[in-house]
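There are 6 protein chains.
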Amino acid sequence: MFLSIEKLISNITPDRLDPAAAKALQEALGGQFGEMRTMMQYQFQNFNFRGNAKPFRDLVRGVGTEEIGHVELVANTINMLLDGASAYGGIATQPDTLPLANALNGDGNIHHFLVAGQSARPVDAAGNPWTALYVYDSGNLVLNMLYNLMLEATGRLQKCRLYEMSNNKAFRSTVSYLIVRDLAHEKVFAKALEVLGVNWGKVLPVPKIDTSGMPEVRELESRNLHNQQWTFAKDNSDMAKIFSGPSPFGDGELETIEGLPDGFAIPELSERAEEFAPGLDQELLGQVGKTMTSPSTTGTQRASAARNT
Amino acid sequence: MFLSIEKLISNITPDRLDPAAAKALQEALGGQFGEMRTMMQYQFQNFNFRGNAKPFRDLVRGVGTEEIGHVELVANTINMLLDGASAYGGIATQPDTLPLANALNGDGNIHHFLVAGQSARPVDAAGNPWTALYVYDSGNLVLNMLYNLMLEATGRLQKCRLYEMSNNKAFRSTVSYLIVRDLAHEKVFAKALEVLGVNWGKVLPVPKIDTSGMPEVRELESRNLHNQQWTFAKDNSDMAKIFSGPSPFGDGELETIEGLPDGFAIPELSERAEEFAPGLDQELLGQVGKTMTSPSTTGTQRASAARNT
Amino acid sequence: MFLSIEKLISNITPDRLDPAAAKALQEALGGQFGEMRTMMQYQFQNFNFRGNAKPFRDLVRGVGTEEIGHVELVANTINMLLDGASAYGGIATQPDTLPLANALNGDGNIHHFLVAGQSARPVDAAGNPWTALYVYDSGNLVLNMLYNLMLEATGRLQKCRLYEMSNNKAFRSTVSYLIVRDLAHEKVFAKALEVLGVNWGKVLPVPKIDTSGMPEVRELESRNLHNQQWTFAKDNSDMAKIFSGPSPFGDGELETIEGLPDGFAIPELSERAEEFAPGLDQELLGQVGKTMTSPSTTGTQRASAARNT
Amino acid sequence: MFLSIEKLISNITPDRLDPAAAKALQEALGGQFGEMRTMMQYQFQNFNFRGNAKPFRDLVRGVGTEEIGHVELVANTINMLLDGASAYGGIATQPDTLPLANALNGDGNIHHFLVAGQSARPVDAAGNPWTALYVYDSGNLVLNMLYNLMLEATGRLQKCRLYEMSNNKAFRSTVSYLIVRDLAHEKVFAKALEVLGVNWGKVLPVPKIDTSGMPEVRELESRNLHNQQWTFAKDNSDMAKIFSGPSPFGDGELETIEGLPDGFAIPELSERAEEFAPGLDQELLGQVGKTMTSPSTTGTQRASAARNT
Amino acid sequence: MFLSIEKLISNITPDRLDPAAAKALQEALGGQFGEMRTMMQYQFQNFNFRGNAKPFRDLVRGVGTEEIGHVELVANTINMLLDGASAYGGIATQPDTLPLANALNGDGNIHHFLVAGQSARPVDAAGNPWTALYVYDSGNLVLNMLYNLMLEATGRLQKCRLYEMSNNKAFRSTVSYLIVRDLAHEKVFAKALEVLGVNWGKVLPVPKIDTSGMPEVRELESRNLHNQQWTFAKDNSDMAKIFSGPSPFGDGELETIEGLPDGFAIPELSERAEEFAPGLDQELLGQVGKTMTSPSTTGTQRASAARNT
Amino acid sequence: MFLSIEKLISNITPDRLDPAAAKALQEALGGQFGEMRTMMQYQFQNFNFRGNAKPFRDLVRGVGTEEIGHVELVANTINMLLDGASAYGGIATQPDTLPLANALNGDGNIHHFLVAGQSARPVDAAGNPWTALYVYDSGNLVLNMLYNLMLEATGRLQKCRLYEMSNNKAFRSTVSYLIVRDLAHEKVFAKALEVLGVNWGKVLPVPKIDTSGMPEVRELESRNLHNQQWTFAKDNSDMAKIFSGPSPFGDGELETIEGLPDGFAIPELSERAEEFAPGLDQELLGQVGKTMTSPSTTGTQRASAARNT
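Chains as they are written, first to last, in my numbering: chain F, 127 to 435; chain W, 127 to 435; chain H, 127 to 435; chain P, 127 to 435; chain L, 127 to 435; chain B, 127 to 435.
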């Protein structure tokens, strides 16, 4: 079973709206090497785990549970880049305005506006829907570890390429966070293989990417985030039996941490009339709003304010 | 963020191996109306939630988090039906035996043996891989609630059909559990629509399925499981602002319960040599096994014993 | 625009239930060379027709409209082969019976029982869903005619192979009808190419299949059905400007006929409780049934009777 | 069986060429909630109809037949937006001109130019091919009605979003027509559910979209088009037994009308040499043109003239 | 078996970088009528060839082997259009530069930059991955020949449309080469059908495209390339028993040539640091480079120089 | 460019017909880890190779060219298992026989009979068509080598599972050959990584499968086939700069061999009338057969004879 915690795993730095960046960032969500895939792949390896090497299972389960939070993080970041990308004009009073005309610009993903109401979709940067064909679980532990290492390494490569595509701060804060976590996850699986007998020598991390020009990444690494792994488990986990000792990449000491990090407030999205979203009219709002809603104006205003700065 | 709890949401009654039933049960895992879909659909609706009607968001988040545990439950049940479906003969000593010959029987899914090593796959009963095309999130709250109601109702219809396909107790214990939980989830979304103004009259639950001939279902309903909804949240949830009062189907009183149920031990799968799974040979086991594994023999033996009874 | 006529284009000879034949016949419905494809391909060529060669457009439109009726015919035939393939036992009174156990037999398509309630699905014989990737419309008239000829010829080849797979009379009556109509449609497009300058010489029909061993086919050809083409148009059609004169295959005289054939009664499917289909319980039936339904018992009884003969 | 009528169900107001709008409008043709899907879904529900509630079948059949005409309407509208979007330069005399260079602009769909010769394709706005995975037919009448209602409501939501994307008059005339017809179809299925016992109260239509700022929509509603349903059947239909009385949305009186509306002339597309379409050269035209073509110059000239105004 | 020859089948004229042209050219690589498809289709027809008409098999095998070289040619051409489309800035020294920002431009395919490191992908111009659904092999020789003719003709039509989209010389040199080879291949299959009895009369080539305005095409045809077919076989081939005599299109004499053409040097792609490709850092290069690499600087410089001219 | 050699890379031991084994073997042809995938993946890595480390390119090119021959081998083996799986009865003289009735047996793939005329298809063992989504080419050399190693290792795992499914000698001869070649290819990529700095220690080969109970495999290894790699290149190749020295798995000495192995005669498939394949009737055969065919009766008879032994 799983439990939700109403916190985001990393903070999204507010910045300008950017539908083209939102489209690109979909690769990290629904792409072949994105977070939906790592989440599903590790969960299937967890559910189907075979044999009594419990530390390996705890390791796969822990990382797989972190990935659900990564899916949440990327979806929220895409929403921050999209929400309001249409300039609302009000169709009732200005019939000739085109509040969603931006959607026709080929730089973005038209489905963001037409299907999803300016929010994230389970697709990649080219618009292809995520497919379970991506999920790898061979039943063989060594192969699974090797594949997972390659998966994290490719994911990190693509995120480094994403980093170079846009300097949008919201985009980069999440991309940088994922670059560092993918590095930590590479170590998780490299370490697992090391326990099983591989001496990686010179080729790790794969690829050896110089991220010294990415200040957001350096800042996170300065806090040792690239050597830490939370268990994301309520119960005891044997993850530390594998994830400990010197980093297989020779860049510090691995730390297994019980539980999960503190987290950050989840951004709130306000109503967006031109998308008929959420589609609660005054009459319905009258009933529902009064009796049930929490006062969330502050959060919304903060998010809006941040963008306009 | 999310946290894993090392417990299964429902108990799987041990029974005979049954690859044909395992193949059928895949519909409840990777089918168009299966648990991977409800999980992903509700999580996307959660991440992309718009407007300040927090109780609705908490409701979608809570059910969506329960669904991750359902994916886990169905995967484990499929594994119980599959694991050992090949009679291991040992290729080294008996070169002419065919330990995986069962896989050629058209009643099962050959990929269960060939690709996954006798465990669950992210596909439906006809072998089609799960696709994100299934995920519905329109950005419009009322439409989302209506679609979710229809989704749960169709899921429940298919599970009632599954119930009639096999009397395997492992199969039926999980199918029955899901029939009852789908009913509870139907109520979640029907109640949400009721709050928004629908008076359902005669047509609910949709379809009106007589489950009085399904004793496992009745037993679970006698414990009011069809009227309960856990929040599956670590923090406070406003779910109860919607999910309370009389059932929209007139069959009891709705209960929102903080947190999650107690759960059951997760079954363990032993090594399966004919699948080269997990593929840790003696040399590797020598090193890994001694230092890291937990004593899990009891659990494994219990599971095996149960099957042979 | 289009108008529906409550008649089936060909008669389905009653015979035994046969889920394996139903699965095979799906190729003629949702296969790459099945009726959904011809229908969609010709309609797209019709909607996108370019240039003022109206007789060609009328020809494509006419055949394309006939194909909608072919989709209807094949779907109804599949239903005749499936409906009742489960032996209904009544779950309320006999909890241990397994009314849908047949669905676990690998010879059939499990989705027929699990998803569709014993009726047709938009998939092929291997269970792959129909995809619009099949639709060919190049904008170039000659290429379209050539492709259509090849499409009909391949469709006919596959139906001749189907004929050899089962001697079920319901199955064969529809397969034979389609073999003859595909031949007529081959002539439609071969004739169109002939008008444009091709002298086919020896290779038509492609493939040159000897159907003299298929009595149902011969009987239909004895009525010249392989040389006829209805316009399936309410208005005047110029189809006859192309489809007339000697058959390009040297086997008779082509006839263009205004309108559409007389047709046959559409079979009725009765309620099927084990599928929860149609899912109208007594209470709802009480209201709906009394005020609205037509007396259709006769038709249903006839269909049932035919099967039991 | 079906019959074609050489008329378009709604008039397309002539306006400027607009490949970006054509790309967007593909969602209404080949999208998950577009007309190909409603057509196929209702036809499958029609072919597979079970039980003796004939009025429900007639209702599904009637709307499903109307939808074939909607597919035709949207395809023709896309063609009006595309045809001539390349400026023809004549490759023989001006070898360096690039008549199809517009196709490289990311705002349009390159397949419109490269594959289809400036006409409609069976894909959605993001270029994904239509798939039969979209078709829902559970065999359960109540669920089918509920799903159809949700389908029409989502289709209408997306069309309202389309309306806000472009003020192209050709685009908007068809989008507006579909918004109104989707509303009528929502009522068809809402009414069906009402007959079965649902009292909808406040949430219908779902979503409650204020279309008062869409003058084309208002104009059509002023003619009661949102409360009318033709039977699109040649024979008697029992549709009126359900579709009559006050609108379930409280906005007028429902009318079932026998047959089909008058319709409008289908636009003609002239030859487009840069696409090699239709590809009849002078020699072939010499033979075919003289003997077979109808004088259609007037129609073509009118269409061209309208665009140049 | 197959043997590789380190030569390109046609020369790529150097010209400017052009990601939009690269995206369009993908249709000729991974499109429904592109080179991956012809290659796979003919190879399957070759492997599955039935009956003793060896000349037909040799013909299919020869053309199918040429097509592997066409896949290589188109991939290399796409690479020439892409490689360097990002202006490298060096992330270490200039942290704010965006070397891959071009990728966000909707005119190109973002996966070219994000997934493939500025090189070719197995997808079409709209980004859809190639699928084996395209492969046609009916087992029937005549149908296969007819389908192959249609396939080559449609491929040529699309390449003629591509020709009109861009005057980039690299793009056009390959497109023109393929236009001529597709014509030769049309003749291969038309001739095969002619041997079997078809007199094509007026409609060939289909479509009759006037390429007199395409000088690159004329130049190649002046060398009779449109009437030649290499056997691409190391052993004797009976291809000439079919491919000889007058062209079925009346434009010259067919020639079967043993073996394969001379070919051209394959372009070399240099390291591209902003893509982390090839990802060999100095340390690795130190070891690998010194001992193993051939001096290829000349080739690389030539390619670069050509572009800058 | 590429050249075909009319030889099969390995010999197929004749044995009984076996459609279920043919269906299973499709995984090795069109599966996610089958030969079509390795072929396409390595060819794309070859075409898109970047940087001047020519030995790596030659290595990828050589293995990628071998894989085309593997596709040929598996297709031919499937054909040997299928061809004649229907017992031909002759429809003209015995109208009630069902020559293709075997196709309705769920153990086989119905498309083998219905679509392909008893020959191989580009699909996997579950019938899913091959998709280019499988192709991995990141542009990063180290990642490509790592992925290729994992790909070969998973392919070998699946083939070892296949080995255990059937003792059909034709099936096993090809499966065993591929097990050994996949091992050699694992070494190719492991060696490449070793050159780059990895010391694999205990975990190679991955997985460590004990094949001592597979006599066909041992026999091939006794000839050192698991340590050899042909260049499959007509020209000089630098492959030996990497592939030489001790095996990274400590089981012998690596050998790079110029060119390609001798090969074996390609089996011939005779006419199959019940599939209308090849569909050349007497009249056509009269003309074509006399003038063009080679005397191949001997080969055909030998193949048939082998089966009947």
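These aren't lab readings, by the way, just hints derived from the structure by calculation.
Misleading hints may appear alongside valid ones.
Intra- or inter-copy, both count: the list cannot distinguish identical chains.
Simulated pairs of lysine-lysine, DSBU-like, Cα-Cα distance not exceeding 35 Å [claimed, not checked]: (1) K295 / K367; (2) K367 / K180; (3) K295 / K180; (4) K133 / K295; (5) K295 / K328; (6) K180 / K328; (7) K180 / K334; (8) K133 / K360.
Hint check results:
1. K295 / K367: Answer is neither; intra-copy 37 Å and inter-copy 37 Å both fail.
2. K367 / K180: The answer is within: 10 Å in one copy meets 35 Å, while 41 Å across copies does not.
3. K295 / K180: between (40 Å within a copy, 28 Å between copies)
4. K133 / K295: within (20 Å within a copy, 40 Å between copies)
5. K295 / K328: within (33 Å within a copy, 43 Å between copies)
6. K180 / K328: both (30 Å within a copy, 20 Å between copies)
7. K180 / K334: Both ways: K180 and K334 sit 31 Å apart in one copy and 21 Å across, limit 35 Å.
8. K133 / K360: both (16 Å within a copy, 10 Å between copies)
The structure fails hint 1 only (numbered hints given earlier).
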